[in-house]
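Participant: Residue strings, one per chain:
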Amino acid sequence: MICLGIEGTAHSIGVGIIKDVKGHCHILSNLIKTYKPEKGGIHPREAANHHATYIADLISESVQKAGVDFADIDLVSFSQGPGLGPCLRTAATAARALALTLEKPIMGVNHCVAHLEIGRGTVRGCTDPVLLYVSGANTQVIAFAEGKYRVFGETLDIGIGNCLDKFGRAIGLEFPCGPKIEELAKKGSRYLPLPYSIKGMDIAFSGLLTAAENYVSKGQSLEDVCYSMQETTFAMLTEVTERAMAHTEKQEVLLGGGVASNKRLREMVEMMARDRGATFFVPSRDVCVDNGAMIAWLGFLMYDSGLRMSIGESIINQRYRTDMVEVSWRG
Amino acid sequence: MAKKILYRGAEAEICLSKYMGKTVVQKRRVKKAYRIKEIDTLLIASRTKEEAKLIAESRSYGVSVPLLYDINLAKGIITMEYLAGKRVKDILNSLDESERKQICRKIGESIARLHNHEIIHGDITTSNMILFNDRIYFIDFGLGCKNGEMEAKGVDLHVLMEAFESTHSKYSHCFEYVFEGYKKQFRGDASAVMKKIEDIVRRGRYR
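Line by line, the protein sequences are chains G and P.
Residue numbers for the first sequence follow the numbering used here, so the first one is 22 and each next one is one higher.
Residue numbers for the second sequence follow the numbering used here, so the first one is 11 and each next one is one higher.
Just chain G, same shape as in the assembly:
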């Protein structure tokens, strides 16, 4: 089965085409275009305009790159939520138009679950992981338990990526700030204490963000503040992930989301896994970030398990929670 997936929850619009090969996800093409605000954070309407500008061309290019014909596509899936309303609507509209034109079925999928499933689908050996999903808006520890993907821990205020971006903007870095903070942190060496905020398996970043900004305004070196910020936030993330692994008694950990590109975070989660005798997995970068292939793959899994969606049911849900999804494709 060949499935085309459209991702459009936030700053990226992506079109991916996948084929299932013996239960694994074979990616035929996966194109992404990212909206970069001139200043400040993501403006939802501007981002949606960006997506509307590029989506038609991206679909054609993706089909071409995949080496298939439009007629070969068996299913169109799209990110139904969670995300920014205008962006979700743009992607959903494109998906509906495409499905109706091709006279092929449509499937709306949960973006967070797609991040987990693409790990299981593309990384050999990854079968039942605890996912640490770290992106701009989302920071969740997700695992499969009692028939659903459940959130074992999550941020109580802002996502880790958002925390890094907000800090980056305050010190004059360009969006996305994570990679630049990572570079600065490599040159830092002096640890400046920051609030370490864990509540059960949940975490909070806003107090730490304020404290970090205060260090900068008091003249501490940017390198040291970035270093301290990464060390503290990533230790918190690694700790809650480990707590979820202990709680669910799972032996695999998977990273996902844009912040999973950070080498220091990878290193820390990998060390934690090794010390527990667990296995660490991280998908390739192009499927870690928001992308169409993961949407296509989850669409396929859902359709293949017998689920169907009418155009009328394809309404977006900005607050589509991970644990709202009935997982029919896993035993």
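Hints were generated in silico from the structure; no laboratory data involved.
A portion of the hints provided could be inaccurate.
As the list claims (entries may be wrong) - Dumping the calculated PhoX-like pairs for lysine-lysine here, alpha-carbon to alpha-carbon at most 25 Å:
1) P:K41 to P:K14
2) P:K96 to G:K271
3) P:K116 to P:K156
4) P:K99 to G:K271
5) P:K116 to G:K271
Fit chain P to the supplied structure of chain G, relying on the hints for placement.
Facilitator: Relative to the frame of chain G, chain P by itself:
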């Protein structure tokens, strides 16, 4: 001293050991290679100290907790009484409804006793409760603190509510029994705590 690891948690090992001829449990906080020494040392020492203080205090307010025998801050070791019971996590789903209700009420009463004295457990899950001699023992105060604010009490109970939803999803209504017990023992305004919990749920992402 010979040690037998009973359980390897996320931050500590629970070992069976001997102390003055008695079988005891040792909670040993392990160094984490993934975090820098500065953070590791600070977390291990402060959590060991805080936990021991909270256990001792909780006992004085009538909450069942293990007896403390020894505390080593530098090594991050707490030596305490061995409770030969069962984790509530492991038994709750298999009990009959009236037993489940009774246990949940007891849990709520104990949480209220803690909150009456501004003790926040910080990680109230059913993995951290042991049923032993008909009592619910609270263990692992590792993320606890002293805090009298409504918010802290709300977050504390919310952790348990989430645990019911994730680990005992068929019995998530049991949180209501917990709250009945809580209401009975809590000296403050229990409905204000419930309102706080609802606030926290709503504040969570995508609710």
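Participant: Tell me if the straight-line CA distance from P:K41 to P:K14 falls inside 25 Å.
Facilitator: 18 Å, holds
Participant: Compare the distance between the alpha carbons of P:K116 and G:K271 with 25 Å, and conclude whether the hinted pair is satisfied.
Facilitator: 30 Å, violated
Participant: Regarding the pair P:K99 and G:K271, is the alpha-carbon distance no greater than 25 Å?
Facilitator: Distance ~16 Å between P:K99 and G:K271 Cα, so the pair holds.
Participant: Check the hint pairing P:K96 with G:K271 against an upper bound of 25 Å on the C-alpha distance.
Facilitator: OK: P:K96 and G:K271 at ~21 Å, within 25 Å.
Participant: Going straight from one Cα to the other, do P:K116 and P:K156 come out at no more than 25 Å?
Facilitator: Holds. P:K116 to P:K156 sits at ~22 Å (cutoff 25 Å).
Hint compliance for this structure: hint 5 alone is broken.
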